[in-house]
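Based on the provided sequences and hints, a complete structural model is requested.
Residue numbers (the numbering used here): 1 to 700.
It is possible that part of the hints are untrue.
[To be verified] Estimated spans, in silico, between C-beta atoms of each pair:
id: 1; residue 1: 141; residue 2: 35; range: 23 to 33 Å
id: 2; residue 1: 700; residue 2: 92; range: 41 to 51 Å
id: 3; residue 1: 689; residue 2: 92; range: 29 to 39 Å
What the hints contain is simulated information worked out from the structure, not anything from laboratory work. Bear in mind that the values here come from a model prediction, so they are computed numbers and not experimental data. Ideal Cβ positions, reconstructed from N, Cα and C, are used throughout, including at glycine.
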Amino acid sequence: MGSGGKLDARFEQALAVHQAGDLQEAQKRYRQILRKHPRHAHALHLLGLIDFQCGRAEDAVRQIDRAIALSPGNPAFYSNRANALQHLGQWEAAVAGYDTALRLKPDFAEAVFNRASALQKLGRHREALVGFEYAARLAPRDADIRVGQAAALRALGRGEEALAALEQALLLNPASASAWCHRGNIQHDLGDTAAAEASYSRALAFQPGLALAHANRGHLHQENGEFSAAIADYRQALAASTAAAEFAYLRGAVLHARLSLCDWEGIDTEISELLQDLQRGVLCTAPFPLLTLTDDPALQSQLAGRWCAQRVRQRPQPEYAPPPALGERIRLGYFSADFHAHATAYLIAELFERHDRERFELIAFSYGPPVQDAMRTRLEAAFDQFLDVRELGDEAVAQRSRELGIDVAIDLKGYTRDQRMDIFAWGAAPIQVSYLGYPGTLACPHIDYLVADPVLIPAEQRAHYPEHIVFMPGSYQCNDSQRPIPRQAPARATLGLPEDALVFAAFNTLFKLTPEVFRAWMEILQAVPNSVLWLLEGHPDAMANLRREAGRAGLEPERLVFAPRVPLAEHLARHACADLFLDTFPCNAHTTASDALWAGLPVLTLAGQGFASRVAASLLHAVELPELVTHNLADYVQTAIALSRDPQRRAHLRAQLAAARASSSLFDAQGFARQLERAYTTMVDFRRRGVAQQDIHLEP
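Below is the structure:
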């Protein structure tokens, strides 16, 4: 055998070892070949492939580049280099690499499939779908291609077609965990949560430890209030070593679920460690859970920006219609999943009704469930057009908005459940605004304005909000003056309250409770012997945990009373049975605080530094009760105790709030609408005149 034959034999042996999965031995053999034959392109390429298989994607790119320099006509080299670039998140460069591979070999099914996957990551779902369909023609027996096709169809809002593609995938490979997991996602989208859970469980039966299936099943449990099950799934996803970075955000989800259970054992340490890791740049929570963990606006802004960069990709900016001429109506598009009985809808309904229809045209873009309740009926009547776009993909919704000539698009969701921030990345309108749904910065470059007020964002914190700020003259929060006005208080006995007790109410959702604030509440109850704490009912385990914590603080568990959830009118009426509302920190009461103030119940708040921890302060300034805003926990406790001992002061506060229903800017929906319209008009005027966007300060 000649030297060439011996080389070929050694290479074939190394390749066989590689294919058998012994990467270390294969790497050693490829290096032995290269010591004698340093220009062996295939050995260089396969060393790069081993780097990639071992998670060293940057090394893989460098190694394969050397192979390409020696053999520029091999399509596999470009394809595997592009795979490594995908792993590094360099999607555009990966697509270019696959393009080169396909110029050399147009029927290279693997490269077609991987190119479509990269396009999917870039949000170019229509192009991705074309690629997956072509790959399916080239490799009709490949189940993974059908899974990719389904993912693209789902992103385009074509859920039923996506399910059909997954059925094909499962016919080809009934044990495909990926297909079962994607099937669960689409069933979840379509509202079939039981089927979704079953699909995630099937995925895990075929591939135990599949992080994505655990994460998605965890989200499903969280939405259903099954917090212990959610925690178990999140922890399983976090334990998957290969997915540590991608799923690190689930640490925040675990804490959020634990807070929902008021499960505080060791939680202070966990929170401290998470905050330290965030400061080091680890993306270990989504933005919303952070609002309940810290009031640091700098950290919240940094996280929001990193989250946006990872999850909400920049898209090519489209062409927009010219701005309306002076005197023409401005078209406002309001985007939400919550156009039904929901906290946001309760606040904003009258704003829609009060908009000046001679100057503004209102179009709703609804992508939430088609709940047909009284609020939905009211909201549908408030708009010139009410569009149900839940079955359209993000790009298609943005395109529809542009076709309708929307001048200002208002996102009412932010980083909350059922958000669709990619609509705004695609460009729904030339001016895009964040309002009401998310209490903080989105730190996304495609959001131009954030509606706030000077109390929410004082001058010393302005730098932590990348958006241009609309500073409303009163509170940023709109309110519905058509809320039921409580006329008669129910008897305390019917609510499980002692007739002669001092009642502290805290009607926030239980995940906003923190050990520190609860300890403060226990201190208040200790100082006011004939008092009870009236909380909103939550998960049974959460209520049991709170009673146990009260016992640890030396209080009878019966001094905690839990109020069941009831219709809004009943809820507002029962506020009359309380004496003082105690706010949470670092995430304040928002709609809940407005409900209390409307019902005449004084709210005591602790204001922090960030937006979410200053909302109640904003509301109290608007009703001219700044004395109920405290700035440290000691003052909060002492003020609560002092008010509990001063019935005349409490009665005076109630009288002020009763008068505020008719006189305060907080409950003047028409006045609020005129002010917000001034902001919208100013935004459009800046665009019309070619003036750079800037903060908008509205005077009373």
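Structure-based check of all given hints:
| no. | hint | verdict |
| --- | --- | --- |
| 1 | 141 <-> 35: 23 to 33 Å | 41 Å, violated |
| 2 | 700 <-> 92: 41 to 51 Å | 49 Å, holds |
| 3 | 689 <-> 92: 29 to 39 Å | 35 Å, holds |
Checked against the numbered hints above, the structure violates only hint 1.
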